[in-house]
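**Student:** Sequence:
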Amino acid sequence: MFAKDELKSMSRKELEKLLADVQKALVLVKARDHREARKAAAKVVAEYGFSLDEISEAASSQPKKAKARKKAPKKPSKPIFANPEDNSQTWTGKGRQPNWYRAQVAQGTAPDTMRITS
Numbered sequence: 001m002f003a004k005d006e007l008k009s010m011s012r013k014e015l016e017k018l019l020a021d022v023q024k025a026l027v028l029v030k031a032r033d034h035r036e037a038r039k040a041a042a043k044v045v046a047e048y049g050f051s052l053d054e055i056s057e058a059a060s061s062q063p064k065k066a067k068a069r070k071k072a073p074k075k076p077s078k079p080i081f082a083n084p085e086d087n088s089q090t091w092t093g094k095g096r097q098p099n100w101y102r103a104q105v106a107q108g109t110a111p112d113t114m115r116i117t118s
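Numbering follows our numbering, with no gaps: position 8 of the sequence shown is 8.
It cannot be assumed that every hint is accurate.
Stated by the list, open to error - Have a look at the derived ranges for each label pair, beta carbon to beta carbon: (1) Arg-102 - Ala-68: 37 to 43 Å; (2) His-34 - Met-10: 29 to 35 Å; (3) His-34 - Lys-64: 23 to 29 Å; (4) Pro-98 - Lys-65: 45 to 51 Å.
Derived from the structure by calculation, the hints contain no laboratory data. Even for Gly, the Cβ is constructed at its ideal location relative to N, Cα and C.
Please put together the full structure from these sequences, using the hints given.
**Tutor:** Rendered as C-alpha cells:
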C-alpha cells in the first residue's frame, strides 16, 4: 500500500503507470468476484432444483411494471380581476392580493366591479 507522502513524491509518469496497473488489477478482481458470485448464486438456485439460466430466463419473461405517468404541466389560471385604471394588470383571485387590488378595495371599489366578464 502506498502512503500519501509516497504518492506525492512520485513523478507523473510513475503515477500514470501505477494508475494503469491498478486499473488492470481492478478489472481482474471484478471478473473474479463476478465468477464467485455466479457460483454462489448457482449453488443457492440448485438447492431449489433450478439452474441459473432458468431463473434469469423466467425473470426476463415476467411483465415489466408500468412506469409512472408524467403529470401534465399545470396550466396557468385565467385572470378573474382587472385593474380598472390599467387593464394590463390582472389577478387570478388566487394567492396574495396585488397592491392595485388592495388599493382599489381600500378606496371603496367593490370587487365585483373589477371582475372580468367574458
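**Student:** Decide, hint by hint, whether the structure agrees.
**Tutor:** Taking the hints in turn, this is what the structure says about them:
1. Arg-102 - Ala-68: 37 to 43 Å: 42 Å, holds
2. His-34 - Met-10: 29 to 35 Å: 31 Å, holds
3. His-34 - Lys-64: 23 to 29 Å: Since His-34 and Lys-64 have Cβ atoms about 25 Å apart, the given range 23 to 29 Å holds.
4. Pro-98 - Lys-65: 45 to 51 Å: Cβ of Pro-98 to Cβ of Lys-65: about 46 Å, so the range 45 to 51 Å holds.
Hint compliance for this structure: every hint is met.
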